[in-house]
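Going down the list, the protein sequences come from chains A and B. Everything in the first sequence is counted per this note's numbering, starting at 25 for the first residue and increasing by one. Everything in the second sequence is counted per this note's numbering, starting at 55 for the first residue and increasing by one.
No false leads were mixed into what you were given.
Chain A stretches covered by chain B per the calculated footprint, using a threshold of three residues with CB under 8 Å from any CB of chain B: (1) 65-73; (2) 96-106; (3) 162-168; (4) 172-183.
A short, non-exhaustive set of chain A residues, derived as facing chain B with CB atoms under 8 Å: (5) Gly-58; (6) Ala-60; (7) Ala-76; (8) Leu-79; (9) Lys-80; (10) Glu-89; (11) Thr-92; (12) Gln-93; (13) Ser-208; (14) Phe-209.
No lab work stands behind these hints, which were simulated from the structure alone. Built from N, CA and C at the ideal position, the CB exists for glycine as well.
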Amino acid sequence: MHRTRAKDQHRPGGPEVRCRAVVTAEDLVGFRRGEADGVRAVYRDYGGLVFAVALKALGRRDLAEEATQQTFVKAWRAADAFDPARELGPWLATIARRTSIDIHRREARRPTSPLDDVAPAHPDVVELPVGVERSYEVAEVRAAIDTLPPDEREIVRLQHLEELTQTEVAERLGVPIGTVKSRSFRAHKRLAGLLGHLRDEGSV
Amino acid sequence: MTEDDDRVAYLGGEGGSDLDDLTRADLDDLRDLLADESLWAEPPAGLDDGIVAAIAAEAVTRPARPETPAAPPDPAGSPTVVPLAPRRRQGLRLALSAAAAVAALAVAGIVVSRSGDSADGSVALAATDVLPDASGSASLRRTDSGWRIELDATGLPRRDGGRFYEAWLRNADGVLVSIGTFNEGVDVVLWAGVPPSEFSTLTITEEEADGDPASSGVRVLVGPVELE
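Same shape as in the complex, but just chain A:
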């Protein structure tokens, strides 16, 4: 059975990674047909990534919600052109980014900032959303953390987002500190392998 991302894949120079995404060729066919099961399967594996990209680009959950919905509808419209041999995540992330830019521009034209009163060089008119430049990186990193097993993913989240020490993570999760250390190291090794190209390309 073809999968858009192999369950186990190996990147050159990186660790072997067990991916969470399990969108199948059958799911893609269902998605292309607009069938609920197919749409839900693609959303299940990539909804978080798309939402993260949109939220990074737009900075507002309500707009990110709208962008996520539009992204999946646009992806469905364009699904005929999608090559199933490619990874779905980057394609969806690209649509999400473009959609976010469109929404940002629409919001900039709302009556609170009427174009009649705005000079051509006004930032609302000419600038992209603040976070859009990093939205690609967010997509890459989100895709990487989505490959982690849930227990490792949670440890990474607690360490970086909540800024907990490993001791605090162990207390929070009720597991031995040694377990946290080993899982943390394993998770970060995977992330470093998956995201090494970002550092090599100097985009991070």
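Given the coordinates of chain A, assemble chain B onto it according to the supplied hints.
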């Protein structure tokens, strides 16, 4: 500890004393990203229901796709957006699934024009999961004042007390134009000031008089306009 292990440890928040400044700076950037709230954000519950409903609504009016890849369509147009206000998500959860919508359209039957030979167009309305027993048809007639649309639907419970049905015409870009509101689906006359040749999908939604003029997204009947 190897240099790679040192990098991994530093990425995890420990060590790194042997790393050069450039490597540390790169890893610091990566750590900044890992600490970014948007990276970890999850979409709200029920958003998938809205996406399924939006795609299903559009799929109903779309010609069947070939099984072999066709020329790449332009995904840039703004799609139909099911409003996402929290108070309406419950309704979205009930919205039609694609399979149900397609199946319903298949059994909706042949349009019976109420205007006989004088009709300039017609619509066969298919039920959604919201009111699966509903069905309906409409006839369209061009007049100097605009398009007169006679709607006759069954299976729509009376809505009043601030609740009502609203009819819309939608174009390919997802732009909705309201063409009237009503309480029951029998002998309803609607008026459209936009051409059904462009606004070619007729949709009936459930609404509340809550000050929000936008569509609730709770579709109860959907169908494509067929012009003579």
